[in-house]
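Go ahead and model the full structure; you've got the sequences and the hints to work with.
Residue numbers (this note's numbering), protein chains in the order written: chain A, 1 to 307; chain B, 308 to 614.
Read the hints as simulated data drawn from the structure, not as lab findings. Since the model is a prediction, treat every value here as computed from it, not as a measurement. The C-beta atom is built at its ideal place from N, Cα and C for all residues, glycine as well. Incorrect hints may have been included.
[What the hints assert, rightly or not] If we take Cβ atoms under 8 Å as the criterion, some of the chain A residues that face chain B in the derived model are:
#, residue
1, F53
2, E68
3, N244
4, Q286
5, M299
[To be verified] Pulled from the structure, derived: some chain B residues nowhere near chain A, Cβ distances all over 12 Å:
#, residue
6, T309
7, Y394
8, G406
9, G414
Number of protein chains: 2
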Amino acid sequence: MTIYDTVIIGGGPAGLSAGLYAARAGLQAILLEKSFLGGQAVTTGTIENYPGFPEPITGFEIIGRMEEQVRKHNLPIEIKEVKSLTYQKDTDGYTIHLGDGQILNTGTVIVATGALALNLDVPGEKEFTGRGVSYCATCDGPLFREKEIMVVGGGNSALEEAIFLARFGKKVSIIHRRDALRGDKILQNRVFENPKIQVIWNSVVKEIKGDSVVKEIVLYNRVNQSSSSHKIDGLFIYIGTKPNTAWLNSLITLDSKGFIIADEKLQTNLPGLFAAGDCRQKELRQIVTAAGDGAIAGMMAYHYLQQ
Amino acid sequence: MTIYDTVIIGGGPAGLSAGLYAARAGLQAILLEKSFLGGQAVTTGTIENYPGFPEPITGFEIIGRMEEQVRKHNLPIEIKEVKSLTYQKDTDGYTIHLGDGQILNTGTVIVATGALALNLDVPGEKEFTGRGVSYCATCDGPLFREKEIMVVGGGNSALEEAIFLARFGKKVSIIHRRDALRGDKILQNRVFENPKIQVIWNSVVKEIKGDSVVKEIVLYNRVNQSSSSHKIDGLFIYIGTKPNTAWLNSLITLDSKGFIIADEKLQTNLPGLFAAGDCRQKELRQIVTAAGDGAIAGMMAYHYLQQ
Numbered sequence: 001m002t003i004y005d006t007v008i009i010g011g012g013p014a015g016l017s018a019g020l021y022a023a024r025a026g027l028q029a030i031l032l033e034k035s036f037l038g039g040q041a042v043t044t045g046t047i048e049n050y051p052g053f054p055e056p057i058t059g060f061e062i063i064g065r066m067e068e069q070v071r072k073h074n075l076p077i078e079i080k081e082v083k084s085l086t087y088q089k090d091t092d093g094y095t096i097h098l099g100d101g102q103i104l105n106t107g108t109v110i111v112a113t114g115a116l117a118l119n120l121d122v123p124g125e126k127e128f129t130g131r132g133v134s135y136c137a138t139c140d141g142p143l144f145r146e147k148e149i150m151v152v153g154g155g156n157s158a159l160e161e162a163i164f165l166a167r168f169g170k171k172v173s174i175i176h177r178r179d180a181l182r183g184d185k186i187l188q189n190r191v192f193e194n195p196k197i198q199v200i201w202n203s204v205v206k207e208i209k210g211d212s213v214v215k216e217i218v219l220y221n222r223v224n225q226s227s228s229s230h231k232i233d234g235l236f237i238y239i240g241t242k243p244n245t246a247w248l249n250s251l252i253t254l255d256s257k258g259f260i261i262a263d264e265k266l267q268t269n270l271p272g273l274f275a276a277g278d279c280r281q282k283e284l285r286q287i288v289t290a291a292g293d294g295a296i297a298g299m300m301a302y303h304y305l306q307q
Numbered sequence: 308m309t310i311y312d313t314v315i316i317g318g319g320p321a322g323l324s325a326g327l328y329a330a331r332a333g334l335q336a337i338l339l340e341k342s343f344l345g346g347q348a349v350t351t352g353t354i355e356n357y358p359g360f361p362e363p364i365t366g367f368e369i370i371g372r373m374e375e376q377v378r379k380h381n382l383p384i385e386i387k388e389v390k391s392l393t394y395q396k397d398t399d400g401y402t403i404h405l406g407d408g409q410i411l412n413t414g415t416v417i418v419a420t421g422a423l424a425l426n427l428d429v430p431g432e433k434e435f436t437g438r439g440v441s442y443c444a445t446c447d448g449p450l451f452r453e454k455e456i457m458v459v460g461g462g463n464s465a466l467e468e469a470i471f472l473a474r475f476g477k478k479v480s481i482i483h484r485r486d487a488l489r490g491d492k493i494l495q496n497r498v499f500e501n502p503k504i505q506v507i508w509n510s511v512v513k514e515i516k517g518d519s520v521v522k523e524i525v526l527y528n529r530v531n532q533s534s535s536s537h538k539i540d541g542l543f544i545y546i547g548t549k550p551n552t553a554w555l556n557s558l559i560t561l562d563s564k565g566f567i568i569a570d571e572k573l574q575t576n577l578p579g580l581f582a583a584g585d586c587r588q589k590e591l592r593q594i595v596t597a598a599g600d601g602a603i604a605g606m607m608a609y610h611y612l613q614q
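As structure tokens, this is what we get:
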């Protein structure tokens, strides 16, 4: 049975970058991905803010390039689900049980399982994702200069992103299901004081319509029990982000939202277990910050094994 | 006089990425660079470990692409030296005096002035940099599989990198000017126990020779006062790294080596003054970690100005 130096769990930008650095450091490494490479990066539209790509590029293309790069360094990539991860205190290593019954032993683990933006789950949402529907204002906000924008949600993220989007859009409407926002008072004040932002209360999205791009949205008012149709160009959905960390079964310390807590070496509270990318508690979740995390985690795994 | 939202000082990967994110966030931003864009990235040879570029690419090319990208977002870039940076407590802003006498006022500053690997300053060093002479084992180590490698230095970095390079090279010789290493005892032990590593004591590099690539090195033994010639393929120089932070004149907190201390938001001890890339105290200095830093600093400057 192979005993790995490091097992990387997750094949988005963080996992692929960790794999690149681990393989180049000469570690016996493997990358496990449960469904498809790329994570959230491949479900977004075009990417304009990964440094080094002046022309807009699809997430699919960037991930394809990252995959080609790690394959050149002979990193094995397997599409397999991790069933459980356990720490072996006696050997100071980890045991990983896979969905197909296989068992891997490894000295270190890099968890790069990402996060998932919660969906509205309404007609048109999937179809128009990347074509007017977005889950990332930082990424896509500048595409909507002087346009009609709507933001769904009422928490801190929704309010912050609405304020950000108001720098670009002609008007920003916040669609909120209740009659009061959940976000911090200071953010609420900034929203109410911003002449470009309005709040549409007690409403939920019923349907998203368009042709090649989003054109119209149908809202349902839960108090009046009436529907209304609105012309829009962009819809930003901020109803929550869920890190893919439930499978860890409280093995390591998470914050109240389920994000992994790691230090600047990306070391979690268990020795040799590192976290990289969107699944960890961090300031900014972007492809380039995930790739930076991956590089650090790959090298820190190497240094950990040296000791 | 323009009052900027943010002034980015330094035009390497960290500064360019900060500029990209700041410009996309709609900030009134400017990037100042004192000599040429790219920093250390353009003085290295080919780059294999910036995620997204499966084919080896020159630093010059990557930087050119990053520059094109920020120019598309209309970030002004000026080749001007910063003479001084001062914090105005009353306005909570910063004043920057440039070498040409111009004065800029700004709400935030992103310092991305990088670091410099110290040179040996011997014949052949400049000529063969990127062609056998390297200052980054993480970047170039894998190019020297089964090759003859020498490392110059005796501190922690030199020892760590020699151990790393021993994974690839046929033999690694550490050239040290004294009769005892400076690095930590634990690293010294690992060096002495590694069958692939030898130390050449009391010696300095006199000359580096080759044709299109490095072939030979001339060493001078300071005790015997004799010269000797050795066939080599790669020379890694680790005699120290100097962050470009002396110009800050103790405005912000630095560590004992002069690197800027910043938190996970890349905020220094002065409000609105952020540090990104190689100039700050951090775990791993690579193009991708610098670019990740830049993205965070750009967005944190935006969030800071919102408050």
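Here is how each hint holds up against the structure:
Interface hint at F53 (chain A): satisfied, since its Cβ lies 7 Å from the closest Cβ of chain B, which is below the 8 Å cut-off. Here the hint on E68 (chain A) is kept, as its CB sits about 4 Å from the closest CB of chain B, short of 8 Å. Residue-level restraint check for N244 (chain A) is violated (minimum Cβ-Cβ distance to chain B is 20 Å; threshold 8 Å). A least Cβ separation of about 5 Å between Q286 (chain A) and chain B falls short of the 8 Å threshold, and the interface hint therefore holds.
Hint on M299 (chain A) holds. Least Cβ distance to chain B is approximately 5 Å, under the 8 Å limit. Consistency note on T309 (chain B): stated as away from chain A, and its beta-carbon is indeed over 12 Å from all of that chain's, at 18 Å minimum. Under the 12 Å C-beta cut-off, the non-interface status given to Y394 (chain B) relative to chain A holds; the minimum distance is some 23 Å. Against the 12 Å criterion, G406 (chain B) stays outside the reach of chain A, whose nearest CB is about 27 Å from its own CB.
Every CB of chain A is more than 12 Å from the CB of G414 (chain B) (nearest about 15 Å), matching its label as outside the interface.
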